[in-house]
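Engineer: Given the sequences, and given the hints that come with them, work out the whole structure.
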Amino acid sequence: MNPVNYLYLSALLFTIGATGVLIRRNAIVVFMCIELMLNACNLAFVTFSRMHGNLDGQIIAFFTMVVAAAEVVVGLAIIVSLFRTRHSASVDDASLMKL
Amino acid sequence: MSAAAVHSLWTTAATAADPISKINAPKIEYAQLSPTLIVVGAAIVGVLVEAFVPRKSRYYAQVFVSLVALVAAFAAVVALASDGYGTTKAHIAAMGAIAVDGPALFLQGTILLAGLVGLFTFAERRLDPEAHGNRVDSFAAQAASVPGSDSEKAAVKAGFTTTEVFPLLLFAIAGMLVFPSANDLLTLFVALEVFSLPLYLMCALARRKRLMSQEAAVKYFLLGAFASAFTLFGIAMLYGYAGSVSYARIAQVVDGTVTNVDPALAGTMGNDALLLIGGAMILMGLLFKVGAVPFHMWTPDVYQGAPTPVTGFMAAATKVAAFGALLRLLYVVLPGMRWDWRPVMWAVAIVTMLGGAIVAITQTDIKRLLAYSSIAHAGFILAGVIATSKDGVSSVLFYLAAYSFVTIGAFAVVTLVRDAGGEATHLSKWAGLGRRSPLVAAVFAVFLLAFAGIPLTSGFAGKFAVFKAAAEGGAAPLVVIGVISSAIAAFFYIRVIVLMFFSEPRPEGPTVAVPSPLTMTAIGLGVVVTLVLGVAPQYFLDLASQASVFVR
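Those protein sequence lines, which keep their order, are chains A and B. Here the numbering used here is used: the first residue of the first sequence is 348, the next is one more, and so on. Here the numbering used here is used: the first residue of the second sequence is 45, the next is one more, and so on.
Heads up, some of the hints might be wrong.
[Claimed, not checked] Beta-carbon label-pair distances, calculated as ranges:
| no. | chain 1 | residue 1 | chain 2 | residue 2 | range |
| --- | --- | --- | --- | --- | --- |
| 1 | A | N349 | B | R252 | 53 to 61 Å |
| 2 | B | A324 | A | N349 | 23 to 31 Å |
| 3 | A | V427 | B | M341 | 40 to 48 Å |
Quick caveat, the hints were computed from the structure, so don't treat them as lab data. Cβ atoms here follow ideal geometry from the backbone N, Cα and C, with glycine treated the same way.
Structural biologist: Structure representation (structure tokens):
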């Protein structure tokens, strides 16, 4: 199968993730969409690695996974603390500060 | 390339020689990486301090460790610079991952000094009234407890403090030290996350107004992670374009001067669509960190909600690190496509300068005002970036150094003006401050004049250098717009000064807390640097000029 198809899939996943970030209201779902974007990047890296025939892309994918894991830890900590204070994880409710 | 050839990359015939014996150990120049290594090491020591030192003495241990580490790392930067690593011996260390050159060392020095001054404001414990006989700082007693709950009251009563902010600060500084010196895109991305994640956490830790603080952290985190996902996709595209993430290699492919091409790679690299999309997406991520319009939406909310010492540190050091990375990306990786990125950066610089200055006029909160002012300043610095010349680099370096001290000093002054609810950040409460405490108001006026770019302050020297470089680099219209938006910005800075000195104090106005020597040092250093860089900038301009050559 032509590896370029995986690039299209990766771009599609990235777009779905980005759209989700923009239209979803729950902070956890927004965050999951961001994770989807990171995984779309991983797919692109691995595909390019296969196309180029060098291993850089696969190694970068491992780094991305570690970074994504660290981001999950920090992100969930922040979202959970907000949820415990407000009893809501909606990003629309968090509007104390406006212009 | 054929499937069998690809598979041979990660599989090997059983009869082959032991592959382990063939792995060459990487060559790491520890001495040249010492500034970063010292800070990372101290951050890890800080984590151990949290685990093993009794609660009573943790604060002192943490401040001591952080202070020693930052001073030692700064000494290491100075030693490297005086050894000539900034000029003649500039080279690429750690197997191509880190560049040790003039801009990197200059910015690392700036970040370390900003971190040191930031540390002083973090460690301040005399502004809030004592809680149950314990001195408290600007950070929550216990971050995990819900504001106003019993567990928080118990934590306050027991005298807990979040001393974890000191290791977090050090981790953030370590990431910022790597960010402007990263020499491949993977290091760039890892450094971006290493300095962003601690900042997200520190934003949520305010002792007063925790709700706002947590809200700021969520906004910063979600938008920051969104932006870094874009950066990562951009990196993937550039990797697809060049078959490598090394800056030098990508620059060669962009220029078309690549020499040794793997036959497998030749068929897949060099697709211009990937280059344009990838470059734009990485720029997007960096401009987000810089706080340039149209990626600035997070700035006012996060600056307002975060604990003020964190805001000051973040406003100064993040900008330095992000502009360093932006300069290296545009000047080392993508100089071959400057005809593509210059028009875009022109547009971004213009809307950033005008947008920041115009929206700032309507602000009624001092922290939001300073946030919009920082957006306008990002636009001025972008004008220097667009110059694409050696003067452009040196003027940006100088501007960043000058700006970071003014910013931390200004936010440190904001922590002093307080009422019963903590910091009194609403502008109306600052009315008549000059009558009640002339010294604090005068110091703040110096910082505001420096922001406005009035002669004899560092702001003027910086702006002059940046605009001069931009004009010589063929961006004269940009300079005109820059001067116009400086004039607009001057209006709201002067308005605050007028408010402080020429209006009647309100009867129930805020009081000015008397800080410990820590904050006094931070503010004093800010004033001294502002005036010295304003009155006698030549030495520092020369220093920045010497440091303005990138290694590639």
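Engineer: Just pull the numbers of the violated hints for me, sorted ascending.
Structural biologist: 3
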